[in-house]
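Q: Sequence:
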Amino acid sequence: MRFLHTGDVHLTPGAPARFEALRAVCGMAQELECDALLIAGDLFDSAAAASEMRVRVRELFDSLPFAVCLIPGNHDAEAFSSGQYYGSNVRSAGTEPAVWQVGEVPVIGLPFAPGRTAYESLCTVPLPGEESPLVVMAHASFYYSALARLYRQEEDGSSGEAHLWDRDFTDFPHSYIALGHWHNPTLPPVQVNRAWVAYSGSPYPIARGETGARKALLVEIGPDDIKVEGRDIPGVPRRETVVFYFLPGSEEQTIEEIRSYLCNSADPNVILDIETGGWLGDAREETVAREIEALADHFRDGWKEINLGTPQFSSTGSLSGIGRRCLELLEEVEPPGVFEMEDFTAPFLRTLAEEVLGEREQIYRETLSFILRYLGRGNRHADS
1 MRFLHTGDVH LTPGAPARFE ALRAVCGMAQ ELECDALLIA GDLFDSAAAA
51 SEMRVRVREL FDSLPFAVCL IPGNHDAEAF SSGQYYGSNV RSAGTEPAVW
101 QVGEVPVIGL PFAPGRTAYE SLCTVPLPGE ESPLVVMAHA SFYYSALARL
151 YRQEEDGSSG EAHLWDRDFT DFPHSYIALG HWHNPTLPPV QVNRAWVAYS
201 GSPYPIARGE TGARKALLVE IGPDDIKVEG RDIPGVPRRE TVVFYFLPGS
251 EEQTIEEIRS YLCNSADPNV ILDIETGGWL GDAREETVAR EIEALADHFR
301 DGWKEINLGT PQFSSTGSLS GIGRRCLELL EEVEPPGVFE MEDFTAPFLR
351 TLAEEVLGER EQIYRETLSF ILRYLGRGNR HADS
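All the letters of the sequence shown, read from the start, carry residue numbers 1 to 384 under our numbering.
Hints are computed from structural coordinates only; laboratory data are not their basis.
All values reported here derive from a predicted model rather than from experimental measurement.
Fair warning: there could be bad hints in the mix.
[To be verified] Taking CB as the label site, the calculated pair distances span:
id : residue 1 : residue 2 : range
1  : Glu-285   : Asp-62    : 51 to 59 Å
2  : Gly-302   : Glu-131   : 51 to 59 Å
3  : Val-99    : Leu-308   : 44 to 52 Å
4  : Glu-104   : Glu-59    : 24 to 32 Å
5  : Val-242   : Glu-20    : 24 to 32 Å
6  : Gln-84    : His-298   : 45 to 53 Å
Every residue gets a Cβ at the ideal spot worked out from N, C-alpha and C, and that includes glycine.
Let the hints inform the model, and build the full structure from the sequences given.
A: Structure (structure tokens):
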């Protein structure tokens, strides 16, 4: 049996590109001859968006030759609470767990609920015998029990966030756990004994940090194994983030690096997020920010979209105490000089030394960058 797993589409009337991404996913499922499309929550960005877009979504789903399995997410739970109709091919969970049969594979849809309710609901559903693999759909965060302290999360469910743990699937049958809520895909999927756990991610990049190609997960379930493969969604742009860090005295060089990147790396299929920060010497923050904005405007046509974050600049004049003294010492010290090459008798050491010498200016800049980043962290000892 073949399934295509997606989720977190966040349809809303003001973002038509998201609907086109959903249409592309539906086309993929048809081309791949899937038996069902799994949408693991947050099909809509809100209940109001669901009300406005339900007719269009119903028309799309009615045109498909396979089943569409839907569960509510935290954004659109209200849109499924009263049994709204989304098409003859759609099987949706409302406020209670649902079990659907897709060919020989049972599919369990868990409605969104905070805390541990999703797992508690799962415990109420009779599971098939050992010979029958199954699919479970949930909209929740997935955590490892061994790392609970890092998440600042208690395993007893005291957090209000919907969540599942690896231990929930310790004795689980052969299964695929189709998750929604995290917007970047999980590849390869996480294996917990006989269960495979994965997030498909959003089919269209919505926010910063949702980088890389957008994917839907092709899931092939056989009697003895489960295969999961990420497939790029055609026609959907990817989102990338680039960071430029300014150092005092090299502001013009960094501006030139931004210009060169925007010119030489332009890609009409990329949504680019530019983040800038660092330390400025004599240059005014307002002037540098305007230069960056002008470059973005000049090269905008070469990209799908360019977004500028708020510059995180600091003036070296704000340093005091040991911070100012460190900067003064760095300004006095010349970049590293040439090593005595005859000291490197081993061929591989000589090759490495040549590479280092060729990049000594960049190494010097990165060292200065590292020190200034540390001074800018607000360490209470930095200026004492």
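Q: Are the hints correct? Go through all of them and say.
A: Evaluated hints:
no. : hint                          : verdict
1   : Glu-285 - Asp-62: 51 to 59 Å  : holds, 55 Å
2   : Gly-302 - Glu-131: 51 to 59 Å : holds, 56 Å
3   : Val-99 - Leu-308: 44 to 52 Å  : holds, 48 Å
4   : Glu-104 - Glu-59: 24 to 32 Å  : holds, 30 Å
5   : Val-242 - Glu-20: 24 to 32 Å  : holds, 26 Å
6   : Gln-84 - His-298: 45 to 53 Å  : holds, 47 Å
No hint from the list above goes unmet by this structure.
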